[in-house]
Each structure stands twice: as structure tokens, then as C-alpha cells.
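Residue strings, one per chain:
Protein chains: 4
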Amino acid sequence: LNHGIKVVDISADFRLKNAAEYQSWYGFTHSAPQLLEQAVYGLTELHRSQVTSAQLVANPGCYPTGAILALAPAVKEDLIEPDIIIDSKSGVSGAGRTPSLRAHYSEANEDVTAYALEGHRHLPEIIQELGLLHPGKSLSVTFVPHLIPMTRGILTSCYAPLPLGKVAAGKKGEEEVRQLYLDFYKGEPFVKVVEFPPHTKHTWGNNLCLIHPTIDHRTGRLIIISCIDNLVKGAAGQAIQNMNLMLGLPEVTGLEALAIYP
Amino acid sequence: LNHGIKVVDISADFRLKNAAEYQSWYGFTHSAPQLLEQAVYGLTELHRSQVTSAQLVANPGCYPTGAILALAPAVKEDLIEPDIIIDSKSGVSGAGRTPSLRAHYSEANEDVTAYALEGHRHLPEIIQELGLLHPGKSLSVTFVPHLIPMTRGILTSCYAPLPLGKVAAGKKGEEEVRQLYLDFYKGEPFVKVVEFPPHTKHTWGNNLCLIHPTIDHRTGRLIIISCIDNLVKGAAGQAIQNMNLMLGLPEVTGLEALAIYP
Amino acid sequence: LNHGIKVVDISADFRLKNAAEYQSWYGFTHSAPQLLEQAVYGLTELHRSQVTSAQLVANPGCYPTGAILALAPAVKEDLIEPDIIIDSKSGVSGAGRTPSLRAHYSEANEDVTAYALEGHRHLPEIIQELGLLHPGKSLSVTFVPHLIPMTRGILTSCYAPLPLGKVAAGKKGEEEVRQLYLDFYKGEPFVKVVEFPPHTKHTWGNNLCLIHPTIDHRTGRLIIISCIDNLVKGAAGQAIQNMNLMLGLPEVTGLEALAIYP
Amino acid sequence: LNHGIKVVDISADFRLKNAAEYQSWYGFTHSAPQLLEQAVYGLTELHRSQVTSAQLVANPGCYPTGAILALAPAVKEDLIEPDIIIDSKSGVSGAGRTPSLRAHYSEANEDVTAYALEGHRHLPEIIQELGLLHPGKSLSVTFVPHLIPMTRGILTSCYAPLPLGKVAAGKKGEEEVRQLYLDFYKGEPFVKVVEFPPHTKHTWGNNLCLIHPTIDHRTGRLIIISCIDNLVKGAAGQAIQNMNLMLGLPEVTGLEALAIYP
Chain A
839 LNHGIKVVDI
849 SADFRLKNAA
859 EYQSWYGFTH
869 SAPQLLEQAV
879 YGLTELHRSQ
889 VTSAQLVANP
899 GCYPTGAILA
909 LAPAVKEDLI
919 EPDIIIDSKS
929 GVSGAGRTPS
939 LRAHYSEANE
949 DVTAYALEGH
959 RHLPEIIQEL
969 GLLHPGKSLS
979 VTFVPHLIPM
989 TRGILTSCYA
999 PLPLGKVAAG
1009 KKGEEEVRQL
1019 YLDFYKGEPF
1029 VKVVEFPPHT
1039 KHTWGNNLCL
1049 IHPTIDHRTG
1059 RLIIISCIDN
1069 LVKGAAGQAI
1079 QNMNLMLGLP
1089 EVTGLEALAI
1099 YP
Chain B
839 LNHGIKVVDI
849 SADFRLKNAA
859 EYQSWYGFTH
869 SAPQLLEQAV
879 YGLTELHRSQ
889 VTSAQLVANP
899 GCYPTGAILA
909 LAPAVKEDLI
919 EPDIIIDSKS
929 GVSGAGRTPS
939 LRAHYSEANE
949 DVTAYALEGH
959 RHLPEIIQEL
969 GLLHPGKSLS
979 VTFVPHLIPM
989 TRGILTSCYA
999 PLPLGKVAAG
1009 KKGEEEVRQL
1019 YLDFYKGEPF
1029 VKVVEFPPHT
1039 KHTWGNNLCL
1049 IHPTIDHRTG
1059 RLIIISCIDN
1069 LVKGAAGQAI
1079 QNMNLMLGLP
1089 EVTGLEALAI
1099 YP
Chain C
839 LNHGIKVVDI
849 SADFRLKNAA
859 EYQSWYGFTH
869 SAPQLLEQAV
879 YGLTELHRSQ
889 VTSAQLVANP
899 GCYPTGAILA
909 LAPAVKEDLI
919 EPDIIIDSKS
929 GVSGAGRTPS
939 LRAHYSEANE
949 DVTAYALEGH
959 RHLPEIIQEL
969 GLLHPGKSLS
979 VTFVPHLIPM
989 TRGILTSCYA
999 PLPLGKVAAG
1009 KKGEEEVRQL
1019 YLDFYKGEPF
1029 VKVVEFPPHT
1039 KHTWGNNLCL
1049 IHPTIDHRTG
1059 RLIIISCIDN
1069 LVKGAAGQAI
1079 QNMNLMLGLP
1089 EVTGLEALAI
1099 YP
Chain D
839 LNHGIKVVDI
849 SADFRLKNAA
859 EYQSWYGFTH
869 SAPQLLEQAV
879 YGLTELHRSQ
889 VTSAQLVANP
899 GCYPTGAILA
909 LAPAVKEDLI
919 EPDIIIDSKS
929 GVSGAGRTPS
939 LRAHYSEANE
949 DVTAYALEGH
959 RHLPEIIQEL
969 GLLHPGKSLS
979 VTFVPHLIPM
989 TRGILTSCYA
999 PLPLGKVAAG
1009 KKGEEEVRQL
1019 YLDFYKGEPF
1029 VKVVEFPPHT
1039 KHTWGNNLCL
1049 IHPTIDHRTG
1059 RLIIISCIDN
1069 LVKGAAGQAI
1079 QNMNLMLGLP
1089 EVTGLEALAI
1099 YP
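As given, the protein sequences belong to chains A, B, C and D, one line each in that order. Count the first sequence with this note's numbering and you get residues 839 to 1100, in order. Count the second sequence with this note's numbering and you get residues 839 to 1100, in order. Count the third sequence with this note's numbering and you get residues 839 to 1100, in order. Count the fourth sequence with this note's numbering and you get residues 839 to 1100, in order.
For the record, the hints were derived by calculation from the structure and aren't laboratory data. Misleading hints may appear alongside valid ones.
Identical copies carry no separate label here, and so any pair may be met within one copy or between two of them.
Pairs of lysine-lysine residues, derived as DSS-like cross-links and limited to a Cα-Cα distance of at most 30 Å, are as follows [unchecked claim]:
1. Lys1009 to Lys975
2. Lys1004 to Lys975
3. Lys914 to Lys1030
4. Lys1024 to Lys975
5. Lys1010 to Lys1030
6. Lys975 to Lys1030
7. Lys914 to Lys1004
8. Lys844 to Lys1024
Just chain A, with the same shape it has in the complex:
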């Protein structure tokens, strides 16, 4: 950095603004807290202009990418009450390539489990970024990740109460929500607001985030389903997206390769 080199850091080391959180979530004292303020959280869709001029970008975690993009429009536009449940389902590649019993084929295959119920390290990122979208509002976020038997992909299901009268009843309300999401992500090359519950398979190998917001009219809750390929938009793809912006290249460079399906 001192030599003017631009950096996209793919670790968690510069994602959180508050150095103290590294102590409580990661168990270490941050060795360069002065850089935390300077670092830009690289969820491109939320911080594009800052990324463009940044010297240090902290590439987001895989879970936060899907969760924040799913909730950002609703939080920003004050659509929902702050009682948010995030239930995520991730493929095994999210656990990294280091062999472990949890990632052993015979253990992970034909199995699903929840984990990190005491609190996952990606939770503070999610709270930080959603909080920035609506300062002053105190969010109450529960985040539970699940491991499912597939290689790539994260599907995130979000639930939050809609205040009474916030949107119209019936199909009209769903249309209003959908329009709010379409407006929020207008022109985004890698976020698509879709009319049906998305499949992670549709993001296999590409940099897309698919988002489907809808309403549970019986209970007055907003439900948002999002999905990404955790190894592309959730990791290396988003890093390239940020790097492109930092270097003045078109944002989509190298990311338009043929989508792989199925």
C-alpha cells in the first residue's frame, strides 16, 4: 500500500470498521487498525464510487454478499421492521479446500445441518453494512448458515415483518415490492431481480446475484430469496469486479463468460 499498489484483500481482515470486533469475532487484535477506515467494503453494488477510487478494498464474505444484496433495498427504503431472520444454505466449497471431516465426501454427502448457531463470523459484516444503509435504525438480525450437499452456491432466505399498510394488499403489494427492488438495482450488470424463486444452478459459474422478493400475506412478512455462486460473486468474481473498477476497466471485464447450466 505504501508503494501505491492497489489491493483487493480477499480475507476478512479489512471488512469490519470497528477494530474491537476482530477481538470478539476472530480472536485477534487487529495489527493495522488505522487502515480499517480507509478500506472500502467491496460489495460493489453498494459502494461503487468508493471502490473506483479506493486503494484498499476488502472483498466481502460469501454469506454477506447474498444476504446484504437481498436485504439492502428493503432496509434502505425502510420497507421492513428491523426484526430480520437470515437462513442461508451453502455448498461445501464455502468451507475451503483444506481437507476436514466436515467437508469429507462421505460426511457431507446426503446430509444437511445448521452450524455456528452461537454466531457466525459473517454476522458483524451483515449488521455493519445493513446498518450503514439506514443509520439510526437498530437492527435485530439472526443469521443461521446451513451446509448442504453440493459444491457451489448459496441460497439465502430472509424474513422480516412488513409494517401494516406499508404496501398494498394482495398481488399489488408484491408488485410494489418488486418495483422497489427493480429500481434499486437498475442498471446493475450482476444483480437480477427475478419473478420466481431462483435456483443456485442458474448462478453456477457466473457472477450473478438473483433476488426474488415476495410477501407472505397471511402473516404480513416480506420474504426475500437470493442466490449466488459462492466462488464467483461470493469470492473471486466479485474481487475481479472490484479490481476492474479500481483499474478503470469496464466492470464486467472477464466476467461475461458463458453461463454454465446445469
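The hints should help you fit chains B, C and D onto chain A, whose structure is shown.
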């Protein structure tokens, strides 16, 4: 029935008490509404004595089995507020054996999706049975099923607010909740309250329901994870369990076969 | 065709030269036998110049693509005796997208089986093309396909006796065989002769055929392992490769997209 | 052993009769070669009477179990020429529970590969046992194992030439072969000669070996497909089967549990 034959019905035809619900959820007019009152909902752990003397038992759906067992102690003991989120993850065998595009290997493999966001047919069963556990309390239940790439198993994640002061803070609160669950299911041969998030693999081929209740202290929410083999406790196994009771056999007859793992 | 349009036919209708074989293998009388002679079998690496000037190209089957490319150098250079065993392992997408019990997730998952032991329709293609490489030699080919639980990919294992003294003993013999294969496929953009047993995962989503020839010195047999993505080199990718040649485009146009791994 | 305790050894340490082979295949000098002669190779169907009176039984490897049972009748009855190809497909649990890159979910999933082409350690067991069935005949056996993306199961495909005139032509020949296999395995509780290519799924969790012999009439080759659950008949199940005999218990004790399917 008129000939005195005892029946365990594995369809949905006698699960709901209110004939009108068949019209709205299943799209047909019930042809034998007079039997609905007589039929016993065959979630054995909740209705054991009625099953024992029943002539007609309606075997529960796979999703309701896992969801109701997960929530029953909390609802019955008035532990939680009525704002309940149920997020279920099911293997593909839940979709039946009839070939379909959704169950086609190349579609279902390496994919996860939410479905039936407009309301799944198993929701009224869940509401009916939870409601019976605490009459007078109006529940607000959101239920979203997901299809994940494995053959057998359903993992259900339930979320509900704990009223302030309902349980102690910290680990002590978790112990209180755990004890409440242990007491509720004391002596049950097929329900185990476990100390860690359960794996569907541990129920592979057996009639168990594993339940893990815990607390998200940051938000004051109760989280309950349950799992079953949808083809055993979620279907044929539970039918045998009910049949055993109806015929005066030991409840576990034929259901103690070796657990298969992994 | 009468209007001068160039056609890549992806069915089996023009793959076989002998109209009578359609009767015995496919159960129908060919309705345009006069086109069979004109049609070029579109295994590009074997018939490149003919494809370039062809009006009608018959795109090869998925199994034959992997099997013929694996065996072509050995047959052409008279390396092996004509007693050939071809044991192929295919992902489920090879069965097509039409729902069927065989392709049902719960049937295909966690299962492997051999099928078409009485003779698979792709056998006559294999015999025809290998025969053309060494006219006059009568080949005795056994081909057994297997269905394995994955979406994409075919791995083909070929076994044939090496006549005594044909190659040097020990590692030197393996080097000779390897060199023969390298020479045969020199300059080919989509065939790679590799030093280790290949993984279908390495061809996932790309148009490559990976081939690994080696020797079982204990028995004096040549073993060749090849793999392809059945939906790319085994189908649409090869069709594009042929189309490019027919239209005078660079052969690799549209086929250089990022390889997907894993 | 010196104390008269009966042992079923599940390692490879006492499977081979020739101590020198431990040096060449396993890379160590055998420390108790005097026990090799005494040890009984625990493929129960071939050595039942010896197992019954044995003090030390060497439980067979998973691949040899499926391969030897598939070939034993044909070798014993001199049905085939000694040029044998064995192509096996194993689920990942065969690789053991120790985490490794090869068994990592993201590597093993959606992949198939051949391995140990230079010679797998199970080959000498196979040659030893088949050789004992027809002393004096020199067998030429090629064995290639493959790893496929499932947890349990081994499917083995065997190929060998039928001498001309050995069996009748057409369906009649297949019937003769089938009858020879039925006779050989008459009364066996855990070997079933089946009329169709077997599925590993049908052996999931049980101690069966399913065998399907047939003829490739075009080439005059015998094809035999066998399958087992590598963790049951290929390991612990067979160990129990041997132990039962050694202790004078009914052979099937503890092995009749409900078959799990799918």
C-alpha cells in the same frame, strides 16, 4: 371402516379438521367430512392415547412432522411469542417417485431452491396442530420449504421471539429451554433432544426425530433445529408406529432396525 | 439441404454409413439413405478436411466421441490387437432432459449401474469409425455403458492387448505410447494427452477431451482413459466446432470460455 | 492368538499367503510370516468350512470381495479364458474416513476418475484367490479401480473371453451361464444371481452381493457385473458373517436388518 377395519391413511385426506380447508388448499370438496372429526392426527407423540383407540388415523405430512415436533414444547409451554418462521430443507424423495422435471437428476443435483412461497399445503396442518397445543393463542406462522440435492431427510429451522425475561440470560437460559424440551419428550422412543445441531444423516433410515433448541442471545430469539428421515418418521415409519399402537403391539415393533450411517 | 443450407445434425440419423444398421439398431427404415454417403461423421479431429467442405455433418454421439478419440491413435498405428473392451461411465445428463424413472434424482443418486448389455446404439458408430482408421482389420469391440451419480461428464476406460515386442518394456514403453498419442493429436486445440489419469471435473463446461494412455505391464495390455463433458465435446460444443469449420470461422470460436472447476 | 482368542483381522496383514508380496505391494517386511499359512482368507462363500474352524481370519478387501465373487464360478468351472479385465467403480467411503483432498466433497463431487493404474494393492488378493480356484491355470488379470461420486457401493464389471463352443449360442448360452452361477451359489444367504444388471443402491446397507452374468454374443465374451455395499459385505458385514461362523452362531445373525432403499 364400516367393517371395523382399522386404517392408517397416508394421504392428506383426513389430516385437517375443517372440511373447508380442503377446498382452499387442495382444491376439492371433501367427500366424507363426517369422518374428519373422528380421524386422529397421527403425530404419535402428541396424540398417543387417541391413536391407540382410533379406528382412522391420518398419518402426518413429512414437513409437519419435523416442524410440529420442533415447536410443540415451546408453544405448549407458552415459551415463545406467536411470530414463527419455519424454514425447511427437504431431500428430493419428498417429491414422490413420479418422474418430473423438478426431480430430474440433472436439475435437482447441485441446486437448491425455495418453493411454494405462496403457501404450501402442509401449512394448515402445522397451524392446526400447534394451535391445539395452546388454544386461544393466535399463531402467525410463515413456512417456506426448500429442495436440496439429497435423497432422504428434512432439516427444519424454526425461529420465534422469546419474551423478555422468559428464560435466564446466557447459557443458563439455554439449559432451561433444553430441560423443558427434555421433559416434554421424556420417555419418547423416537424423539431425541440433542446438544448439537443435528445432521439429517443421523436419521437416515431410522424413525428418529432429533431436536436441538437453542437461543440467539443477541436478538432474544429461540432457534429450534429438527431433523427426520422424510421416508421413515416423515411417512412409512410413523405409519407403522401408529399401526403398532392401534393393534396393541409395542410401539417400536419393526422400527428398531440398525441405523444406517453415513 | 436442397437450398444449399449447411446442416450439423445432432441426431443419430446420418452417423452410420450402412442404412441397414438403422433397421437393426434403431428399428426404423432410413428414409433418406442416399444422404448417408454424403454425410460427414463430425468427429472433427478425424475428419477435419471433410467437415470443412461438408454440407451435412452428423454430430457424433457422446460415448463414441470419448471412445473413438481414446482408441484412434492405437488403432490407426496398429499398436494393439483388435480385442477391445470399452467401459464407459456417464453422468445422468446423457439420458436427456425428459423425466424418467432412471433419471429421477432419488433413483440415480447414490447408485451406479451398467446398462444396455445386449448392445448400445452407439456401438456401430464406434466400430464404423475405428474400422475406417485401419481398413481390413476386423475389430472385436465390447462396449458397456454405466450410469453414475453426477450431472455432466463421461469417463471411458479402454483395454486392448499389446502384441509382444510392440513397445519397449517398462517406463520406456509408456513413453513410446505417449509419444505416439502426442504426435497423433499434435496441434489439436481440444484434445490433450495427459500424464495422469484425467478427471471429468477438468472438462466440466469446456470442449476438451483428455486422454491418458498407459500400459499394464503385468499383462501386456494397453489401457487408455479418456474424458469429456458429454454436453460440450460430447454434444453441443462439438457441433459448434464443426459449424465453425463449415462456415470458415476459426475452429475454436465460442469455445474458449473460462473452464469451470470444480 | 496365543491365548486362544479368535480374531477377524480387517486389515490386509494376513490376506496374502506369500510374505514376499507384502514387500512388493505394501512396502514392508511381514513381521509374522508364520501366521500367513494359518490365516484363512475370509471370503465366506469360498472358504466357509475353513472359516468355521479358523482361529485367524483375514477379512477380504472391498474390491476383491466383489471381483472374486463375480469371477469365481467362471474360473472354477473353466468357463473362460484367463484374459480377465476387472473395471471397478467405488463410492468415496472406500477411501476411509481420514480427510484428504481426494475425498474432499468439492473434489469428489461431480467427478469420476481412474486411479492406481500402475497396480492396486487389492490385485494380488484377487489373483491369489482366483488362482486357488483353478490351480495350474495362469491368469492374466487387469484391475482398474475408479472413484465415483457417491458414499457407498462398489460396482464391478468383469470381461473375459468365452472359448468357442463353450456355451450354446444366443439366449440359450446365457441361460447356461446363469444356471452355472445359480448352482455355484445355491443356498448362499448373501449372494444373489440376478437377471438384470444390478444397482449398488439395492445393496445399500445390507450384506448382499448381487451378480449378473451375461454374454456379449458379438465378440464371444462373458460379462459379469457384481455389486456390494463396500462398508457391509465389503467390510464390517463380512467380518460379522465370519465371526458368526467362528463362534458357531447362525451365519446371518445381525445381518438381516431391513434393507435400505433408495
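- Are there hints from earlier that the structure breaks, and if so, what are their numbers? none
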